[in-house]
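Chemist: Keeping their order, the protein sequence lines are chains A and B.
Residue numbers for the first sequence follow my numbering, so the first one is 1 and each next one is one higher.
Residue numbers for the second sequence follow my numbering, so the first one is 1 and each next one is one higher.
Keep in mind that the hints were calculated from the coordinates and are not lab data.
Hints are not guaranteed to be accurate.
[Stated by the list, open to error] Covered, in the sense of this in silico footprint (three residues per stretch, anywhere, with C-beta under 8 Å from a C-beta of chain A), are these stretches of chain B: (1) 93-105; (2) 109-123; (3) 228-241; (4) 280-289.
We treat Cβ as the ideally placed atom computed from N, Cα and C, and that holds for glycine.
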Amino acid sequence: MRERAAVLAGAAALCAAPFLLEALDEAFLLSVLTRMLAYALAAAALDLVLGYGGMVSFGHGAFLGTGAYVAGVLLHHRADGSAVTDWPVRIGGTAEALLAWPAAAIVCGLLAAAIGAISLRTRGVHFIMITLAFAQMVFFLVLALPQYGGTDGLMVPSRNVLAGASLAGDAPLYWVALVLLALFLAFARSAMAARFGLALRGARMNERRALALGLPVYRLRLAAFILSGAVTGLAGAILANQASFVSPDLLSWQRSGELLVMVILGGQGTLYGPVLGAVALLLAEEELAAITEHWMLILGPVLLVVVLFFRGGLWRVVAGARGDG
Amino acid sequence: MTALLLVEQTLNGLQLGVMLFMIAAGLTLIFGIMDVINLAHGSLYMAGAFVGATVTARTGSFALGVVAGAAAGALIALLLELTVIRRLYARDHLDQVLATYALILTFNEGVKVLWGPAPIFLSAPPLLSGTVEVLPGVPYPAYRLAVIGAGLAAALFLGWLIGRTRAGMLIRAGTTHRETVEALGVDIGLLFALVFAVGGGLAGLAGVMAGPVLAVQVGMGEQILILAFVVIVVGGLGSVRGALAGALLVGLTDTWARALLPVLLRGALPPSSADQVAANLGSVAVYLLMAVVLAVRPQGLFPRHA
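Go ahead and model the full structure; you've got the sequences and the hints to work with.
Modeler: In C-alpha cells form, the structure reads like this:
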C-alpha cells in the first residue's frame, strides 16, 4: 500500500511539475526534468536485465548513444535532404518521431541481439567485462563515421515532430517523455509479473533448477536483453531531442556506469527505484556542480559509502517495498 | 618499405602487449584469488604515471621515477585493499563494480585537483633516447626496446614468484581452493594484501614506463583497463599464462590494425577523413578478436578449470 501511495505521489508530482515551474517562473528547468525522465527510462530498462535477470550489463551506454545517433542522423539527413543510404533501398532522413523513434528502438534491439547473443554465453565477471568491451567497440565504430561529427558529436538541426505536431519547446517533449516512461513502467511491471518475468527471475535465483524445469534460460535472457536495449535506445532518442545534440560521450563507459549507479541507488528489481535513482543522481550532479568544479571528488566517496554501507536503495526507504527482482 | 613497417609495428605491438600484460596480470590474479573485479586497477596505473613523472621532473632521475611510480602503485593498492576492497570480498560482483567505479571517479578528480587537467610530459632518459638498429636498416627507439625488456622481465619475475616460491604456491592454491588454503591455517588476509600490492606495483610500473610513449593524463587508466579486460577475456580469467598470451595477441592485433588500415583505406577514402576513420576502425579490431575467441572458446584460450 505504501508503495502504491509513493507511486501515485511521484506520478502526481511529475504531472504537476510543468504547471508548478511555470507558476514559479522557472520553466527553463523543465528541460532538465525531461533529461531526468529520459535517463529514468533507460535506468528502468536496465533494471529488467540487472534486477530481474541478474545480468550486470556494463554496456548500456552503447544503446543509449546509438538510439540518440539514430534519431539525430535521421534529422540530420532530413535537414539537408540527403539519404542515409542509397543501397539496397533508399532510406531518407525523417523528422517524424513515429518513424524515427521506433527506428532507434529497432536498431538498438538488433545491436542488443548481437551483443547479447555472444555475451550471454558467459556469466558473472566475464559478462561484465564483455558488455563493457562491446560498448567500447560501438563507441569506436561511431567515431569512425566522420560524416556524423566523429569526436565532435552531431548537431541536431531541429526536433522530431510527433504525427506532424511539433515537439518544439520544453513542455511537449516533457509530456511525451513522461507518457513513454509511464507506458514502459506499466508494461514492464505486468511483464515481470507474468510468466516471462517469473521465468526470468527464477533463472536468476537458480539457473540449474530453471533449466531442469525446461525453461529456455538463454532465450529468456536474450529476450530481456533485447527489450532492455531497445527501450534504452528510445531513451537515447529522447535525449537527442532534449539536447539538440548527440555527443559520443553518450556511448562511453562512464554513461554505462552511471546507468548502473542509478539502478542501484534507487533499488534494483523494483522498476520504480531506478526512476528515483536517475532523478536523485542527476539532481545530486547538478547541485554538486553548482558548488564546486570538482564535484566528482564529493560524488565518488558518497557513492562508495552508499555501496558499502547503505544497501537496498532509495525506493525501499520511500516505499517500504523490497525489490522483487 | 613494407618489411620495415612490419618489423617496426611488430615491435610496437610487443611493447603494447607487455604493457597490457603488466596490467592484466594483476587484474587476473586479483580476480583469480579474491574473486574481486577491480575497476580501479587502471587508477593505480595512472597514479604510477603521475607520481613517476613528478619524481623524475623533481630529481632529474628517470630510474628514481620508475621506482617511485611502482612504489606508489603498490602502496595505494595496499591502502585500497585495507580500507575498501577488504569489505567487498563477501559482496557480489555488482557491488564490487559500483564501489570501484566510485573509486575511479574519486581518483580521476583527485588527480585533476593535484596535477591539473592538462597532460604532463615525461621524456625518456637520455641513455635510452636514441635508436638502435634492430635489423640492418631498421632503426627502432631504444626506449621502446627497454620497455619490452622490462615487460618480459616482469613476466619472468611473476613466473618465478608464482611457480617457484612458497608465496606463489599459496597463490596457486588460493586460485583453485581458497577455502582449503584458509582451513590449513594460512593467513589469507596477508596473502590477499600481498597479491594486491604486487598487482598494484606492476600497474604503477607500467604507468611510469608508458609515460614517455603515451601522454600522462587523466583517463589514461580506463583506456588501458578496458583493453586489459579484453586481454583477460581472451586469455582466460584467473590465468597468468593466459594473460601473457592474451596481452601479446591483443597488443599485436591492435598495433597491426592501426598501422595497416590507414594504408588500405587511403586508396578508398578522401585523405582528410581516411586517418580518422582508420584510427577508430583500428581500435575496433581487438574487440572483434575478442568476439571471435568468445564464439569459439567462451572460457578464453587458457581456461582456469580446464
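Chemist: Are there hints from earlier that the structure breaks, and if so, what are their numbers?
Modeler: none
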